[in-house]
Amino acid sequence: IFNKTSSSLEDVSESSSEAEEDEQPVRHQEGNTDLSPEYWGVQKLAKYIKGGDPTATVIALCSMRDFNLSQETCQLAIKDTGCLEVLINLLDTEEIKCQIGSLKILKEISQNTLIRHAIADLGGLEIMVKILDSPDTHLKCLAAETIANVARFQRARKTVRQHGGIKRLVELLESSSTGSSYQAKDTETARCGALALWSLSKSTKSKKAIRKAGGIPLLARWLKCSHTNILIPVVGTLQECASEPSYRLAIRTEGMIENLVKNLSSEHEELQMHCASAIFKCAEDEETRDLVRKHEGLQPLSVLLEKSENKQLLAAVTGAIWKCAISRENVLKFQEYKTVETLVTLLTDQPEEVLINVIGALAECCQEQENRGTIRRCGGIAPIVKLLTATDRALLVNVNKAVGASAMEPENMTIIDSLDGVRLLWSLLKNRNPDVQASAAWALCPCIENAKNSGEMVRSFVGGLELIVNLLKSKDKEVLTSVCAAIANIAKDEENLAVMTDHGVVPLLSKLANTNNNKLRRHLAEAIAHCCMWGRNRVAFGETKAVAPLARYLRAKDPLVHRATAQALYQLSEDPNNCVIMFENGVVKLLLAMVGSTDDALQEAAAGCIANIRRLALATEKAKYG
Amino acid sequence: ARAVNKNEVECLISLFHTLVAKARSHFAGAGFDRTVFRDTLYNAFGMTDDVVLDRVFSTFNRENTGCITVVEWVEGLAVLLRGTLEEKMKYCFDVYDLNGDGYISREEMFQMLKNSLLIQPADEEPDEGIKDLVEIALKKMDYDHDGKLSFADFEQAVREENLLLEAFGPCLPDMK
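Those protein sequences? They're chains Y and L, same order as listed.
With the first letter of the first sequence counted as 1, position 86 gets the number 86 in this note's numbering; the numbers rise by one all the way through.
With the first letter of the second sequence counted as 1, position 124 gets the number 124 in this note's numbering; the numbers rise by one all the way through.
Worth flagging that the hints you see were computed from the coordinates, not collected in a lab.
Ideal Cβ placement from N, Cα and C applies to all residues, glycine included.
Treat each hint with caution, since some may be false.
[What the hints assert, rightly or not] Selected chain Y positions facing chain L (in silico; Cβ < 10 Å):
hint, residue
1, K47
2, G52
3, A56
4, S63
5, G101
6, A390
[Claimed, not checked] Per label pair, the in silico range of CB-to-CB distance:
hint, chain 1, residue 1, chain 2, residue 2, range
7, Y, K44, L, K114, 16 to 24 Å
8, L, E125, Y, S70, 33 to 41 Å
9, Y, Q312, L, K114, 50 to 58 Å
With the sequences and hints as input, model every part of the structure.
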């Protein structure tokens, strides 16, 4: 039972790849009153289909296939003469030959958007799902192929699912073949089932339903087959479903990565593309990244970069390389195949969907110092910096990451600076999208650290310091964290710290102190530690109540948080009032434990802080008792 | 008749003898006649069309004696039940070729399709509808454009579209 609210929720949960299909289909010839010659021909045949016995009907149906059913005038003629309704009514009879003849026509004409919608409106899908119960294999195959064509829009997919279509289609994947011998008949049936499931899998709820119906092990089995015509819909389905974590897990555990890698070397580019897409999605998970390497998938991916004319394939391959490169061992392997050099050649004259992935991949490869140098030597820095002026959100996020990653190398930093890269990054802090702002702020950290005369450089950005301090008012956690990290770096320059203090950085940082987010805590504490080094900031932090929350950070389980907090507390403890607050909040006991740490910086800061507190306590004692 | 195995042949033969025993004509000793045959096919396979049933009898009864022998019975059924596409095509063509001259003519098609239009548009001559249907069938299947269907025409049409095997009326058992 579906009420209005639940159906609108469902719409939201459907994949975004359906946007184009959900517009109302538009007829191209509005107001054209001349009926096409096909109209009369179709109408004549429709007479026999409507009024004839099965024998006459079959003759008429066979004859109708002589029209060019892929041509729109013909398709619309079938709809306008009312023949479409008749064809669908035929499906509801028990006459197998008529059902077959009708489906052969419907399968062809349902390539047309208007016809698809009409078939759904006329209740055709429900009948086709019923036909999937028929014992006649040929009939089932045709029904599945037609469903595959019609279910290309969301409402149709929902209908098929609600009438139990998915379970029946998954059953088509079952075969009586044992072992590795694939009977031709089984393969054909499975192919048709897979085609339909592929169309349906664009809906999130269908993905779940396929899994519940036991579709995954069956798909896994067909994946081991070597017939391209079934591999393509099977991989297509898996790739579509791989946006769900449960599928990614199954793909890994059912040993499918090996087959996906194997098929990267297929002769069919469409199959290669779907395999690469599947790997792209699955490589979000570390175990999968390891499996791709273990099954020697990194080399074929690298080789496929040469097929640069096929943009869809290239986008899938670059995407797979990007995600695989998240793991360091994979980056090292890619170095063997000179992947970085090839990627740099793809920085120009490529469509956005390719660029996003190429740059993402280069950013990941920059984990390794050698690659940061390689990118520079291949002339890759300039095209990347140029892209800081792009508008696409996903592209900008990756460009920022890449600029930041390469900026870890001082030689690269020189080039970035000469191309105005830091100023461009800084202006991205004004971008409306928080992901862009945060990634820009993260990228600024290594830039500021590695630039020559970085203090002067920062000051040269008019209004820049005010801008970044004001970002501390953002509601986005990642923005806040990245901005704190950047501020920590900027504050190392005294003059800039003074300016930031004028812009109110101290109370803004203090306001953030009450957080449980360890990543934010760490960078916030680092920022506080560095901002203490000017004027009466230490006192001001105490006045704005930053100290007590900081004390609580010491109870966190994260060692990086401990280090940053200890350093902040050490700086703050130069002021006696702060020492009192720290003492009252039980800081001494916690810091004592950390004095024994193997982390030198933590050790020093903890010891220093305790010493300050003790000194104050002693002085107080002395003052009391003379 | 290699498609039917020994067991099945034995069953068919015993069925034959049962039918013969039921037959009341004076050919009882050697086989059974048209009437018994038609009843059997109706009971077993639901075939009802008189014209077709008559022709089926004639294809079975190759000796043309008016009475089916056990050999003709078994061999005929073997094609019906287990024949290859080639055997079935030959069989169907023979059934539809009413006068046995090697061609299916317009007149023969008309004969077989004359009851196929159940709903006639009111403003049309009843025969016009059938004549048009014959033309449609001819256009679809007459590859050598000689106005009639030779076996070659029929075979090519069926190979391209299997549904046309029983184009002019059901003459094969319904696989339900």
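Evaluation of the provided hints:
Using the Cβ-Cβ criterion of 10 Å, the hint placing K47 of chain Y at the interface with chain L is satisfied: the shortest such distance is roughly 7 Å. The interface hint given for G52 of chain Y holds, since its Cβ lies 5 Å from the closest Cβ of chain L, which is under the 10 Å cut-off. Restraint check, A56 of chain Y versus chain L: the minimum CB separation of about 4 Å is within 10 Å; hint holds. The closest approach between the C-beta of S63 of chain Y and any C-beta of chain L is roughly 5 Å, which is under the 10 Å cut-off, so the hint is satisfied.
The beta carbon of G101 of chain Y comes within 6 Å of a beta carbon in chain L, closer than 10 Å, and the hint placing it at the interface holds. The restraint placing A390 of chain Y at the interface with chain L is violated, with a minimum CB-CB distance near 55 Å, outside the 10 Å limit. Restraint check, K44 of chain Y to K114 of chain L: a C-beta distance of roughly 19 Å satisfies the suggested window 16 to 24 Å. The hint said 33 to 41 Å for the Cβ distance between E125 of chain L and S70 of chain Y, and at roughly 36 Å that hint holds.
At about 57 Å, the beta-carbon gap between Q312 of chain Y and K114 of chain L stays in the expected band of 50 to 58 Å.
Checked against the numbered hints given earlier, the structure breaks only hint 6 and satisfies all the rest.
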